[in-house]
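*Asks:* Residue-level listing of the chains:
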Amino acid sequence: MQPYFPRGGPQPLAKPNRTWNPVGYVSQWGGMDVGSGMLFAAETIDGLVHQLGGLRIRAECSLVPTHQYSHAYINQQSSKLHDDNVQDDEKRSVKCPVGTAVTTSSGGEELQQHYDTIIHTTPPFYNYPPSITPELKQVLGILDSDSDDDNNSIHSWSKELLRSCYRQSFKAAFDSNTNKDTSIQNGFINNSLRLFGLNNKRHIGKTGKRVALPLLGAGCRAFPKDIALDVAAIESASWLSTYSSDTSEDKNTNEGEVDVVAFGLLEEDDARHLSDRLEKELRVSQQPTPTT
Amino acid sequence: MWLKLDDIYCNTIDSLLSKMIVVGDVTNVDTQISSFFLQKQSHPHKLWDDMVSKAWYKPSALPQLIARFESSSSSAVTSRRRAIEVYSTPCIVTNFGKQCDVGSNDDSNHLPQCSVLVNPANPNLTGPNSFVSVYIHMG
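Respectively, the protein sequence lines represent chains A and B. In terms of numbering that gives the first Met the number 0, the first sequence opens at residue 0 and continues consecutively. In terms of numbering that gives the first Met the number 0, the second sequence opens at residue 0 and continues consecutively.
Accuracy of the hints is not assured; some may be wrong.
[To be verified] Simulated pairs of lysine-lysine, BS3-like, Cα-Cα distance not exceeding 27 Å:
(1) K279(A) to K224(A)
(2) K170(A) to K97(B)
(3) K136(A) to K224(A)
(4) K208(A) to K97(B)
[What the hints assert, rightly or not] Just so you have them, the derived chain A footprint on chain B, three or more residues with Cβ under 8 Å:
(5) 80 to 94
(6) 112 to 119
These are computed hints drawn from the structure, not numbers from a lab. Since the structure is predicted, the reported quantities are computational estimates derived from the model, not experimental observations. Glycine included, C-beta positions come from ideal geometry on N, C-alpha and C.
The task is simple: from the sequences and hints, build the whole structure.
*Replies:* Encoded structure:
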């Protein structure tokens, strides 16, 4: 883990050296001083997940294979808006590229107390999304945007990638085919972990049907809150209004079982705004109605 | 130089508070909060003013259900319905999953109790570096 990082990116060129000190003597990391706009790992969801998940979740993440869409990426963060000194070292061998999602177990015991499964999805930096390529648009199912202005087109591209994060996460959570792939992958991971003595006896990759979802992109990826709320409302309303046509969907479920996406937001005001926007979206689609 | 040290101090306090929020540790919280407010008064326009949440007032509070939206009919194929719930919670990692019903009674029907978490990953930042790429050089 990195000791601290800039909110909104870009990811620094150089990693901090071995003599970094979290108390305040860090003088530079990629040319940036410690100061305003820097986040510490414990302030983010991902930081907590890896802190509580411990070595086991790190090992699982390490054993995730290169993503099937990684060939479509030129980089994971572009430099079109602000500067050219943006790191680009991924070289198309990325395990969880921007806009996609992968599944692991919850890893260590502390996190196991709270969750069985973790779906990792990587939102883009709002100002530094990956470079646009036709292939990437195609594999992520993103339609062409009409925006001509450079900044607007970059931001609308970021929004599309964020929407893709939601779609891919829902797919990973509820699609039985994805779950099947995940169990195969987890079988491999399970066996590998056993070799290192890190595997516990519980089943890895068990997928529940109540999914906790934060407001993606609104943290260190620095999406404006309004935009992040809009994207969350649009994509979740779309998920609610459409049913899976997958005939092989898990048939072992009980009659009338409800799949739930539960948004957990830090601020009550944001939760109310999201609720209002969801209601608006759902009214447009004329499908469900709010019950509380 | 003084400004720089000040910034460092503010960030450290901020980080300490965040850690206390997520683990629900209230030891010495008064001292920390006093320091925090002192810093806040001396730097009213800092960026972190917008980033600090009011949620730290209630570190162990249960998630509060704000709204629930349910599909009006079930799928013809699987007879499963879908629903969206919106909660406010002080921490989605430690106060939203299977164990968030501890100590609750009648409200347990309105707790999220999720078993799956969608994690906004930050490869190379807070997550493990190896999640992004692994280079194996042979020969």
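*Asks:* Evaluate each hint against the coordinates.
*Replies:* Each hint, compared with the structure:
{"no.": "1", "hint": "K279(A) to K224(A)", "in the structure": "holds (17 Å)"}
{"no.": "2", "hint": "K170(A) to K97(B)", "in the structure": "holds (22 Å)"}
{"no.": "3", "hint": "K136(A) to K224(A)", "in the structure": "holds (25 Å)"}
{"no.": "4", "hint": "K208(A) to K97(B)", "in the structure": "holds (12 Å)"}
{"no.": "5", "hint": "80 to 94", "in the structure": "holds (count 14)"}
{"no.": "6", "hint": "112 to 119", "in the structure": "holds (count 8)"}
Every hint from the earlier list agrees with this structure, and none is contradicted.
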